[in-house]
Amino acid sequence: MIPILDMVQGPVRWLAGDGPMGDRILSTRVRLARNIRGTRFVGRALEPELISLRDRVLDLGLSISALPGANAMPVGDLAVMDRQLLLERHLISHDLTGDSAVRGLVLAGDEKVSLMVNEEDHVRIQALAPGFQLEAVFEAAQKVDLELEAHLSFAATPELGYLTACPTNVGTGMRASVLVHLPALVLTQQIKKILAGVNQVGLTVRGFYGEGSEVVGNFFQISNQTTLGLSETETLTKLSRVVNQILEWEDRAQENALRDARLQVEDTVLRALGVLKYSRLLRSEEVVGLLSAVRFGHTLGLRNVPSVSVLNDLLLRCQPAHLQRAAGREMTAEERNAYRAELVQKVLEVRDAPRFDP
334 MIPILDMVQG
344 PVRWLAGDGP
354 MGDRILSTRV
364 RLARNIRGTR
374 FVGRALEPEL
384 ISLRDRVLDL
394 GLSISALPGA
404 NAMPVGDLAV
414 MDRQLLLERH
424 LISHDLTGDS
434 AVRGLVLAGD
444 EKVSLMVNEE
454 DHVRIQALAP
464 GFQLEAVFEA
474 AQKVDLELEA
484 HLSFAATPEL
494 GYLTACPTNV
504 GTGMRASVLV
514 HLPALVLTQQ
524 IKKILAGVNQ
534 VGLTVRGFYG
544 EGSEVVGNFF
554 QISNQTTLGL
564 SETETLTKLS
574 RVVNQILEWE
584 DRAQENALRD
594 ARLQVEDTVL
604 RALGVLKYSR
614 LLRSEEVVGL
624 LSAVRFGHTL
634 GLRNVPSVSV
644 LNDLLLRCQP
654 AHLQRAAGRE
664 MTAEERNAYR
674 AELVQKVLEV
684 RDAPRFDP
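Here the sequence shown stands for residues 334 to 691, where the numbers follow the numbering used here.
Honestly, the hints are just simulated from the structure, not real lab data.
A quick note: this is a predicted structure, and the numbers were derived from the prediction, not measured.
C-beta atoms are modelled at their ideal positions from N, C-alpha and C, and glycine is treated no differently.
Treat the hints loosely; a few may be bogus.
Unchecked claim - Simulated DEER-style distance windows between Cβ atoms:
| no. | residue 1 | residue 2 | range |
| --- | --- | --- | --- |
| 1 | 649 | 413 | 15 to 21 Å |
| 2 | 529 | 577 | 16 to 22 Å |
| 3 | 500 | 534 | 18 to 24 Å |
| 4 | 570 | 526 | 20 to 26 Å |
| 5 | 649 | 493 | 36 to 42 Å |
| 6 | 493 | 537 | 17 to 23 Å |
| 7 | 374 | 570 | 28 to 34 Å |
| 8 | 566 | 381 | 35 to 41 Å |
With the sequences and hints as input, model every part of the structure.
Structure (structure tokens):
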């Protein structure tokens, strides 16, 4: 099992910032929901059934070639803070953070592909990649799916496709999503109209952590709603087309903002960078908003702005569980705010920051 502390100190590989359109798209994800034929769904099965299934899938996950360097762990064996850390890294869902003895996780060594066991469905395959890479993440998830299917019989019918605990996932069982940064559309107050149009074409918009999370820092997760009646290829094509259209609208909004209010835009970016560099206390959501503003400056081509990879890394390093795990102790909210500010200054290489005499 990979030590959780090693994950905190290591790079966040799917947020490397080196993917296609990496300045505007943080990451791409594909998730496949599967259930085992002849086994009751998670919500109806008895605990011994689910534990047996979990152990079987964990063992199987270690032997899958599409999960190189895999580590397998019963989620119930992890401390609450470590589960929260995995959630902050987008490696597990909110459901999997709960206190349950039946759940498990198989995680590839590079953190880009994983198996969640006994979440809402028996198995959920997840693939992540930096930037805009829908086809690549689908291929990565599909490779795991095919290897699993050689050993497990998935519940499916010719008419409906894969059977899932939630009816909205029946069919392909696939959710594809793109985490995109849209500051200009927010700034020019066009975002509500754009998001309403996205919903009308059968896609949905969620926050930074997906289902059930709020939108912070102008980051929007756009994903498919329909899994029945469309093939995986059709779904990916539709999502790709809509995301590209949204990015075109974002480009126009950026041009308008720079034409009509360039000084105000640059001032917002530079003020955000100043707050990050010299604050003594920084709250978690505040940091996300400030990093969003600085990221906008990078997209606009401002000089001496931190790289996308640095900004992406800070997005996660500044989250509560990452901070406390790196510090090696639990902290109060104010202690986290102070530690977060020190971390940001260190990463941004701020030397001799102004200080009051003790």
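Do the Cβ positions of residue 649 and residue 493 conform to the proposed distance bound of 36 to 42 Å?
holds (38 Å)
Are residue 566 and residue 381 spaced within 35 to 41 Å by their CB atoms? holds (40 Å)
CB-CB spacing for residue 413 and residue 649 relative to the 15 to 21 Å hint: Because 18 Å falls inside the window, the suggested range holds.
- Cβ separation of residue 529 and residue 577, checked against the hinted range 16 to 22 Å: holds (19 Å)
Notebook entry, point to check: residue 493 and residue 537, beta-carbon distance inside 17 to 23 Å?
Noted result: holds (21 Å)
- Starting from the range 18 to 24 Å, see whether the pair residue 500 and residue 534 falls in it by beta-carbon distance. With a Cβ separation near 21 Å, residue 500 and residue 534 satisfy 18 to 24 Å, so the hint holds.
Exercise. State, for the Cβ atoms of residue 374 and residue 570, whether the hinted interval 28 to 34 Å holds or is violated.
Key: holds (31 Å)
**Study point:** Whether the CB-CB distance between residue 570 and residue 526 falls inside 20 to 26 Å
**Key:** Given range 20 to 26 Å: holds, Cβ gap about 24 Å.
The structure fails none of the hints (numbered hints given earlier).
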